[in-house]
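Could you build all of it, start to finish, from the sequences and the hints given here?
Quick note, the sequences are listed as chains L and E, same order. So the first sequence is numbered by numbering that gives the first Met the number 0: it starts at 0 and just counts up by one. So the second sequence is numbered by numbering that gives the first Met the number 0: it starts at 0 and just counts up by one.
Hints were generated in silico from the structure; no laboratory data involved. A portion of the hints provided could be inaccurate.
As the list claims (entries may be wrong) - Derived lysine-lysine pairs resembling DSS-like cross-links, with alpha carbons at most 30 Å apart:
hint: 1; chain 1: E; residue 1: Lys-223; chain 2: L; residue 2: Lys-252
hint: 2; chain 1: L; residue 1: Lys-252; chain 2: E; residue 2: Lys-285
hint: 3; chain 1: L; residue 1: Lys-252; chain 2: E; residue 2: Lys-83
hint: 4; chain 1: E; residue 1: Lys-83; chain 2: E; residue 2: Lys-27
hint: 5; chain 1: E; residue 1: Lys-275; chain 2: L; residue 2: Lys-260
hint: 6; chain 1: E; residue 1: Lys-182; chain 2: L; residue 2: Lys-1
hint: 7; chain 1: L; residue 1: Lys-252; chain 2: E; residue 2: Lys-255
Claimed, not checked - Pairwise CB distance ranges (calculated):
hint: 8; chain 1: E; residue 1: Gly-159; chain 2: L; residue 2: Val-205; range: 47 to 55 Å
hint: 9; chain 1: L; residue 1: Ser-23; chain 2: E; residue 2: Asp-43; range: 50 to 58 Å
hint: 10; chain 1: E; residue 1: Asp-29; chain 2: L; residue 2: Glu-215; range: 34 to 42 Å
hint: 11; chain 1: E; residue 1: Glu-107; chain 2: L; residue 2: Glu-171; range: 24 to 32 Å
Note that beta-carbon positions come from the ideal geometry of N, C-alpha and C, so glycine has one too.
The lines below spell out each chain.
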Amino acid sequence: MKIAVCVKQVPDTSDPDTEVHIDSSGKGVDQSKFSFVINDADNFAVEEAILLKEKHGGEVVVVNVGSEAANQVIRMALAKGGDSAVRLDDEKFAGSDPVALARILQAGIKDLGCDVVLTGCLASDDGYGAVGVALAALMEVPHAAYVKTVEVLNGTLKIGRELEGGLLEMDEISTPCVLTIQTGGNEPRYASFKGIREASKKEIKVMDLAATGLSEDQVGEAGSVAVMVQYSVPVVGELAEILEGDANETAGKLAGILKEKGLV
Amino acid sequence: MHEIFVLAEHRQGELRDINFEMLTLAGKFDSKVTTVLLGSGVDDFASKLAPFSDKVLVVDDPMFESFNALDYQAALKALIEQEKPHLVIIPNTGQGADILASLALAMEASFTSDIIGLEIEGDKPVATRAFYGGKINGRIEFKDADLYMVGLREGAIPAGEGTKSGEIVKVDNPVGATAENRKFLEYVQPEIGDVDITQSAMLVSVGRGIREDKNLPMIEDLAKLLGADVSGSRAVVDAGWLPTDRQVGISGKTVKPKLYLALGISGAFQHVTGMKGSDVVVAVNKDPDAPIFQYADYGIVDDLLKVVPAMIDKIKELKG
Ligand SMILES: Cc1cc2nc3c(=O)[nH]c(=O)nc-3n(C[C@H](O)[C@H](O)[C@H](O)COP(=O)(O)OP(=O)(O)OC[C@H]3O[C@@H](n4cnc5c(N)ncnc54)[C@H](O)[C@@H]3O)c2cc1C
Ligand SMILES: Nc1ncnc2c1ncn2[C@@H]1O[C@H](COP(=O)(O)O)[C@@H](O)[C@H]1O
Chain L
0 MKIAVCVKQV
10 PDTSDPDTEV
20 HIDSSGKGVD
30 QSKFSFVIND
40 ADNFAVEEAI
50 LLKEKHGGEV
60 VVVNVGSEAA
70 NQVIRMALAK
80 GGDSAVRLDD
90 EKFAGSDPVA
100 LARILQAGIK
110 DLGCDVVLTG
120 CLASDDGYGA
130 VGVALAALME
140 VPHAAYVKTV
150 EVLNGTLKIG
160 RELEGGLLEM
170 DEISTPCVLT
180 IQTGGNEPRY
190 ASFKGIREAS
200 KKEIKVMDLA
210 ATGLSEDQVG
220 EAGSVAVMVQ
230 YSVPVVGELA
240 EILEGDANET
250 AGKLAGILKE
260 KGLV
Chain E
0 MHEIFVLAEH
10 RQGELRDINF
20 EMLTLAGKFD
30 SKVTTVLLGS
40 GVDDFASKLA
50 PFSDKVLVVD
60 DPMFESFNAL
70 DYQAALKALI
80 EQEKPHLVII
90 PNTGQGADIL
100 ASLALAMEAS
110 FTSDIIGLEI
120 EGDKPVATRA
130 FYGGKINGRI
140 EFKDADLYMV
150 GLREGAIPAG
160 EGTKSGEIVK
170 VDNPVGATAE
180 NRKFLEYVQP
190 EIGDVDITQS
200 AMLVSVGRGI
210 REDKNLPMIE
220 DLAKLLGADV
230 SGSRAVVDAG
240 WLPTDRQVGI
250 SGKTVKPKLY
260 LALGISGAFQ
270 HVTGMKGSDV
280 VVAVNKDPDA
290 PIFQYADYGI
300 VDDLLKVVPA
310 MIDKIKELKG
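Shown next, in the form of structure tokens:
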């Protein structure tokens, strides 16, 4: 089974020190203080790809659209069991919406003859939840979004899509197909030292615009159907009353409030 | 905008709330609002949707008893080609997100997903979406097209009252045969555990901010003192630190306790959807910009690993 898994490098928004500030252009954010990690859902997608390979044999190709800095997350996926990688990198790719991104990803995997393409269900930064489904449409293969369980049947896959309230919709889907992987369906492994050592020898093929065979007007903003033109700070209603002081003081104030409200 | 299509969502015999949110959004524009209802034996749904629609276009066929993205897409494609709406609003849900991008590409429509707001400027829609877990918003402009499509986030638009009485029009199923390469099998209900957090009077809820599961006993101590149950965000459940049935949020449980104490939870919309009906919300988070503070009554900007032990002490003192 040949599997491609798409991984995105995103700012670590679970880090309390990651501040999101709109830059002077209004179209970007100040990235200087970000620490970067693999997108949460992509981490589960990588694990699913490796589990499939371990059970059914085959090969896992890690695919990314990003700059050299993204090699960090690519190498980690290779260390966990990915076999090779493709990184699509060109300044013309900047500003791509999910359609343009899917087009770039497709160019990166079209010659691989994949049986299964996995993406995350949602990127934690811009969160379109659309790239995987768009990719399937471009590849003209069936897809399923928010997939939490994958089981290989005879020539098809049995998958569980997670819906609101945690309800699983079980479907059967033929290959080749694209699955967008939801978090929590497996236990992403840690890379071993041996894996990390071996990953440094694995190939990361870099493709620029020319190598993709796409034209300038198919990528970036030009190739997008919807463009983010201006960031703004959300207008929020009433914020919480912030209790001031050190932990002892705030805890004391809170205990007092809870008592007053009859909650203690 | 001449005509707006709204795709109705139903599941296991129930119309979902998002329908009335989408229809309220569509209703604020000066356009004909057509609700597209694909289902089997759905007369009752059609009559519930009619007060919010100028027309309810119904395809009543056993093919649509359950959701299948490929069949839905084929039907919508045919109906859109026939009626030529200018805007299609789809729920940004487990069903809707499974068709939005592929349908839009098939229709050569300009689209975006997970919007929280929409305006029409000139004859074109302009959308608002949230970025970076709700920390900033972005304005989305579309490339000129004959058709625009958007996926609306659940809970983003408060549903209004239905004041119309749209005609219900049944049409033949435009799809010849169900898709060969994807088939619906069955629904599997989530597991039920020992505690039903939807009934809890108080919840101490933890997020990824607790860092390691070895910090859980301290959370349990605090919960025990308060007489509360422990719940958590999806991140904590994904990590295996709490069982699935303790998850609060859109893909977990909707809770409405008297006290919801959110510890190290950022306040992603998928989480907030499940807890915003709580009476008193208290958030402890190290990040003063965490969106959870928008939904909390009281906030503490500090390390929860310091605040929780201090709270345990203070509450013990109170209780004497
Ligand atoms: C289809 C779909 C469905 C989903 N359904 C749900 C759902 O039902 N429920 C749900 O919860 N999520 C759901 N999510 C995931 C959701 O988008 C978020 O990823 C998730 O809620 C984040 O969990 P968190 O707040 O615990 O973690 P994070 O977002 O990583 O936040 C951690 C927070 O902890 C703070 N912190 C860190 N260290 C400390 C410290 N020492 N002291 C105090 N604070 C600290 C940080 O500042 C940060 O705000 C869903 C996502 C998708 C795509
Ligand atoms: N720059 C990228 N490189 C590789 N994969 C990506 C990239 N952007 C998005 N993806 C994939 O598409 C998924 C969904 O992204 P999105 O539609 O933006 O929420 C992610 O989880 C990734 O698997």
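Tested hints:
For the proposed pair E:Lys-223 and L:Lys-252, the alpha carbon gap of about 20 Å is at most 30 Å, so the pair holds. Between L:Lys-252 and E:Lys-285, the direct Cα distance comes to roughly 18 Å. Compliance with the 30 Å bound is thereby established for this hinted pair. Straight-line distance between C-alpha atoms of L:Lys-252 and E:Lys-83 comes to about 60 Å, which puts the hinted pair past the 30 Å bound. Taking the CA atoms of E:Lys-83 and E:Lys-27, the gap is near 20 Å; set against the 30 Å cutoff, the hint holds.
Among the hinted pairs, E:Lys-275 with L:Lys-260 is consistent with the structure: their alpha-carbon atoms are about 19 Å apart, no more than 30 Å. At roughly 23 Å between alpha-carbon atoms, E:Lys-182 and L:Lys-1 fall within 30 Å of each other, so this suggested pair holds. The straight-line distance between the Cα atoms of L:Lys-252 and E:Lys-255 is roughly 24 Å, inside the 30 Å bound, and the hint therefore holds. Our hint of 47 to 55 Å for E:Gly-159 and L:Val-205 holds, since their Cβ atoms are close to 52 Å apart.
L:Ser-23 and E:Asp-43 have their C-beta atoms about 55 Å apart, which keeps the hinted 50 to 58 Å range intact. At about 38 Å, the CB distance of E:Asp-29 to L:Glu-215 agrees with the hint of 34 to 42 Å. With their beta carbons about 30 Å apart, E:Glu-107 and L:Glu-171 fall inside the hinted range of 24 to 32 Å.
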